[in-house]
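Visitor: Listed here are the chains, written in short residue letters.
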Amino acid sequence: MISDAVVELSRWQFAVTSLYHFLFVPLTIGLSVLLAIMESTYVLTGREIYKDMTLFWGKLFGINFALGVTTGLTMEFQFGMNWSYFSHYVGDVFGAPLAIEGLMAFFMESTFVGLFFFGWDKLTKGQHLTITWLVALGSNLSALWILVANGWMQNPVGAEFNYETMRMEVTSFGALIFNPAAQVKFVHTVAAGYTTASAFVLGISAYYMLKGRDSAFSQRSYTIAAGFGLASVLAVIVLGDESGYTDGEVQKAKLAAIEAEWHTEEPPAAFTVIGIPDQEAMVTHHAIKIPWVLGLIGTRSIDTPIIGLTEILDNNRVHIRNGIKAYGLLQQLREGDRDEVLIAEFESVKKDLGYGLLLKQYTEKVVDATDEQIELAVKNSIPQVAPLFWTFRVMVACGFIMLIVFVIAVVASSIRKCRKDWILKLSLYTIPLPWIACETGWFVAEFGRQPWTIAEVLPTFLSASSLTEWDIILSLSGYIFLYTIFLLIEMYLMMKYIKQGPSSLHRRRYHFEIDERG
Amino acid sequence: MMIFDYETLRIIWWGFLGALIIGFAITGGFDLGVGVLLPFLGKTDEERRVILNSVGPTWEGNQVWFVMSGGALFAAWPTVYAVSFSSLYFALLLTLFAMFLRPLGFDYRSKLPKPLWRENWDRALFVGSFVPALVFGIAFGNLLKGIPFHFETDMRIVYFGSLRELLNPFSLLVGLISLSMFTMHGAVYLQIKTIGDINKRAVRSVMIFTILTLVLFALAGGWITTLDGYHITSEIFPNAASNPIAKFVKKEPGLWLDNYGHLPGLWAVPASAFMGGILTIVLSMFNRPGSAFIFSCITIASIILTAACSMFPFIIPSSISLNSSLTVWDSSSSLRTLNLLFWITVIFLPLIMIYTSWVYRVFRGKVTIEHIRKNNHTLY
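Those protein sequences? They're chains A and B, same order as listed.
Per the working numbering: the first sequence = residues 33 to 550.
Per the working numbering: the second sequence = residues 15 to 394.
Derived from the structure by calculation, the hints contain no laboratory data.
Quantities reported herein were computed from a predicted structural model and do not represent experimental measurements.
Be a bit skeptical, because a hint or two may be false.
[Stated by the list, open to error] Derived DEER-like restraints, expressed as beta-carbon distance ranges:
# : chain 1 : residue 1 : chain 2 : residue 2 : range
1 : A       : R366      : B       : W357      : 30 to 38 Å
2 : B       : G235      : A       : E501      : 53 to 61 Å
3 : A       : P483      : B       : I308      : 27 to 35 Å
4 : B       : K388      : A       : T156      : 17 to 25 Å
5 : B       : P278      : A       : E501      : 47 to 55 Å
6 : B       : K380      : A       : T156      : 17 to 25 Å
7 : B       : G379      : A       : M523      : 34 to 42 Å
[What the hints assert, rightly or not] Computed footprint of chain B on chain A, listed as stretches where at least three residues anywhere in the stretch have a Cβ under 8 Å from a Cβ of chain B:
#  : region
8  : 93-101
9  : 109-117
10 : 123-131
11 : 134-140
12 : 189-202
13 : 221-230
14 : 496-506
Backbone N, C-alpha and C define an ideal beta-carbon position, used for all residues, glycine too.
Work the whole structure out from these sequences, hints included.
Guide: Structure follows, in structure tokens:
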């Protein structure tokens, strides 16, 4: 019997390690592109200052990149270590994009990043620029394949259960790669990375400008970050996540949970701006609603209803009953019965097998599940609403604040008169926002898929390895302890270099190295 | 496009996995060896920086071979990935925790001038290289012995071992082999990349660690004749769906030498480990480190292949539920996945090798103390 505590601890460990990893990844993705843009400007104009910009922001990139690599090691290995049933059950499908990521992207990024740092004197300008772009391409392609894998967890297309091997197997790679959930996620996430890097460069440049240091250097950095950031944050918001909502039952449950849409409303549904969701009573207290908006965003029409959670629960009850049947038939198949009628019958209900597996959390004998156990499974077949409701609003709020900041920053960077101190301070204090948005965004995507690891296919409860509680308590405390120390060291080093600014390059032409005349 | 049947693709993927592991052992291997040697061959801060920068621009790419082996295992051998990683939980955890120290050690060490900061990162780099080099071997030793796991209802993997069992004498011996072969390899690499004192110390290390590797390897070879090996006793269906509980397996001392009995030509593999080792020492002594490096690569590849040839077709034998053992014929991905990944690999693996060699070409030549002084602020 699987213990609830082991599953909970495994989930915590996955959340902690991924959220740590995701502190560094967006900056790597975005900064690699910004570096390539800066270096391109250097090669095109031949002006040394752009090379210095590439070198300086490249140093900060390196400090961040090291921790991205470190925490990334865990990611590749913990599926097998902590989620061994998941690995067995979906490795045939989920493993493929991860392997392709390695061959196509990670190798390229990591091999060339050494050349980026140490190859300046060994390569021609053009060669080095190509390398920088390849590093950027590598980190972006890397995101593509990871999100193909993650998109499949949200919307598992192009695969089918095989009773002989007791796992999911690929039926169409095309469907896997062109999974709409994956494509949308990719654009959304990569653009979020660009926004993160832009806010980072914008804020730090604003800090130098406030201090009146290295004005040529900081103004150019500020301008590039403002322009690139505005375009990126627009892409994040406009392309958004919304089209993902229309795929699959689970994405519908996620949408309904995010919006605390307890019952299907007369279309077009109203959008709940804020309120206090109450899952037991299935109402939102003190809700402030804007009519029509949710219907328009969620369905892009005025007459298609957005399915509410009550109706989703009713559907899930049917799926679960069907799933019990599928599980029963599977037992006969696993015992070696290969009767054609049996196989045909199983094939007709196997799409609900995952719902049958949901019962494993409440009983070993799925086929003999009592009505109470079924009702318990139904009740827990949707995610908890309140955490999703809030994190989603935090993410969106961060996005819109950043949009405003970048609009102001673009104005300030193009019109000298507008370059007021309060704008620079605003730019500086915006730095944490993209990280908050990225972390809450990850939470919404993953927590919103619960109780599944693979939507409608494999419950989270079953996915974990058969380890003991103490195994995971030990590993989890190890991760938290080490990662926290690493993060503190990284922040310390980052602050140190940010304070030194471009003088850390020792080019003898920056603040702290010369008497500046302002 | 499908040009191979399931059986052939399974053998090819067994080969690819081997190629990736060997790829890691000979590229990431010398990085680890260099890390192990760091405190012993580098007496001053500048000497240590020479040692670190000899692998500075390339360790990052080399490490991907390690990550890639994990990724390929996941995609092509999902059940193997699931069983080995969850069973060797603490071995892997220890490796990961130690390996964390490497990117940080390399990148952060020389970013501040304080001696205490640098000394601590040097220690971290040593631990980050020593522990993985040892644990890789321990993990392989456990594969050879068999892992105590079995499949429950719904194919859930249950592991019955403990950390103490992982650290059994035979596996520790294999651990020492991998530690000493990576150190040998790192020493040869340092002989290529350095001059003067460090170079002299490197030559001495090549000698010590090559001899140690060969002696330990011979010991393990003797031990394996009495160690329990595994053998499939039921009919084999190499094209059947991957179901690892549909066969019968027996366990007996000495069975790991079975394949060598059937195909005596295989003896060339362990023999080439010894030949390679001897040539490594000789060439290193005659100051031909480039050629010595080729032979230390051959030594490492042969040692790994020796284990692989003994075990084929087994990948992870189960020591408590023999019939649950994972083999080449019953633990791979589906035909469709193996085929797609085959094409991806055929395209990208040569490409990776080409650009990796180019990067090495760009950074060819010695790393010297003068070079470190000149680039004080940009180098590791």
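Visitor: Could you tell me which of the hints above the structure violates, numbers in ascending order?
Guide: 2, 3 and 13
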